[in-house]
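Chains U and H supply the protein sequences, listed in that same order.
Position one of the first sequence corresponds to residue 5 (the numbering used here), numbered consecutively onward.
Position one of the second sequence corresponds to residue 7 (the numbering used here), numbered consecutively onward.
Be careful, since some hints might not be right.
Said to hold, decoys possible - SDA-like, lysine to any residue: derived pairs with alpha carbons at most 25 Å apart:
{"hint": "1", "chain 1": "U", "residue 1": "K224", "chain 2": "U", "residue 2": "D266"}
{"hint": "2", "chain 1": "U", "residue 1": "K148", "chain 2": "H", "residue 2": "D16"}
{"hint": "3", "chain 1": "H", "residue 1": "K10", "chain 2": "U", "residue 2": "E86"}
Honestly, the hints are just simulated from the structure, not real lab data.
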Amino acid sequence: MEDFVLILLVFETLFLVGVVVVLLTKSRKLSRLFGDFNKLQTHEVEQEKVQREREDFLAMLVHELRSPLSVIRGSADLIIKEADNLSRQDIEKLLAQIRTSSTGLLGIVNDLLDVSKIEAGKFEVRKVKSNINKLLQEESEYFKTLALEKKITLSTDLQADLPEFLFDPERLKQVLNNLISNSIKFTPESGVIKLESKRLDGAMRISVSDSGAGIPDDLKPKLFHKFVQLHDSKNTAKGTGLGLVIAKGIVEAHGGQIWVEDAIPHGAKFCFTLPFFDE
Amino acid sequence: MAKKILFVEDDEGFYNLFSSALTMKGYEVIHVSEGSQAFEKIKEIQPNLVLLDIILPGMSGLDVLQELKESDETKSIKVIMLTNFGTDDNINRAMELGADEYLMKYNVVPSELPDKIASFLGESTNSPVKVTN
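So here's chain H without its partners, still in its complex pose (with noise of 0.2 Å):
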């Protein structure tokens, strides 16, 4: 079965970016473009992995996290924190706060995420399913 990923991404262009690489590889792409959709999003559909930005619409990425982390539904979930903000201040509270990395989206080549992504989650490959928004 594929791998589920929730992305938290307001911005479309790295979220056709992001998504056209992992669907490719076959994760599970689900979509929300708002901070203030993206807690009760997680808990509805359990996803393997949150990529998750910090400027959101609504509520930030790091108070999504803190949410996520401090419920007993949803705080094994893996996060990885995808954003261009890179200061010392939200990646120390990022960690934190309980996310498994921090990575800037201008430093990841986008046909290198699937592979990241799949080690990342201790698996090699993954079968072709759509994107769903």
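Same shape as in the complex, but just chain U (with noise of 0.2 Å):
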């Protein structure tokens, strides 16, 4: 009798140890089949994402484009059919209106382009010798008017006896613009933005801080993707949102890097890098 509880049991055990290791296996699979799941949702949701950001972009994209031909095609449409009740101001105005708003398709068709080189690996920078302070100075001059409108002062700091080296000065000049025109944008009034450019090991640092709100740390790493656009305090961004993506690849044609951190005490600093090249 005690022979066969003794088996009994044994064989109780055996089986309650086959139970455990199926369900170990089959817990295992369901597990592995759980977390390709996850990562299936999770792809999934990127890719809804990317798709958004995409229409997002597409829908900004018609509207900046659709903007300038508006008015080009109305200009003319009222000067045809209205030029005898039109002053001789007003169809001025038009005509030069007609032409500014040309020159702004012809930009964002130029960006478009510059996107679409360097995406393809194909952008390319004429570089000359040339004098970077003397740059940053007459960018400094231009820009000091636009800030004034705001009460914002743009101040420089300038590395002294800097050797004239290889860059492309149209190139640069529109690095310098989309930064420094993005920081007046996101500095609220009387605040101030500051242009240095310093001397490193074989290199320039070259940078543009603002004393506005700052760049949250999640958007840092996106800030120079397509797609992805800084919005003010009340999201009424407008524009492409293509500036920093055609800065970065004008600054990495240069051989450089470019990348933004937080100014102190408050405010963004976008920097970027421009080895030295002789020839």
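Assembly of the complex is requested from the two constituent chains, each provided in isolation within its own frame, with the hints serving as guidance.
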């Protein structure tokens, strides 16, 4: 009898061990399955996000193209139909507007072409031996008037005795225009913007810092990517948002790097490096 | 007396274009370029009509519309949304908030805008006056 109970116990134990093994195997399979499912869900969420960003970008682009085109067509229409009723001053204003809107439109088309070349790895710069401080000074003078409209102080702190070196002045101007105009846009009235140049080992570091609200940490890594656009505090951003993508392309075509960090005590500080190349 | 139109528009191109068409037909066009300035100006001048863009610096046109329609002083003022953002969400939101009309800028023929506004305001023509900034 005792033997029978013992055998029963052994069988029962073996059976339970078997059940546990089967359950463990199934649970591993299940957990792998859940893992795969979660990965799939995360991937889908990311895909949906990218798709949404693309759609938003497209909507913004359509808006940016439509606006100058509507103004050009409308101004021409008004001049053709109402020339007798419009004053000479109005006609001149409308013609000037056609020119301004066409220039703006051309700028957008050029930006799109630049981005397409950057993405295809075919973007090129034309380096000539130039003085970077002279360029920074010119940019600072140009933007001072615009900054003053918002009572913003734009100052420079430039490294003295810099040698001339090879870079593309027109393209560098484009980078600086973008960074400084963004700073003016996102800096509240009576704020400050500082333009700095500093010599490093074998390279220059140029920075544009402001006393605005700064860039949220989660946005910093995405800032130089397509489909990402900065919004002001009232969420009323305009423009294609391609400026920083192009700025990154230009800096990288010079062999440099571009990034954003927090300014002290608050605000954003956009920095980029330009390696010295003699020939 | 000339009918007053407050044009809330930050795009200088559109402002020049539509204001030329409207002043030519006798409307007095007053301009503000920031959403945040719009409500104060509306209270101050009590226009017959507000032409309101949506994407504006400082405050969006939809927020201006909401403020305008919530105030007893201004809720009876007619508002035409004049924008290039024609998403269903924006159109529905603007109409819910009390906009009288939603026009897409690129569909508006400037030479036809004065007549459209005249019929909207229930009048025929106006006498020429100046544009005020």
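Hints the structure violates: just list their numbers, smallest first. Per hint list: zero violations.
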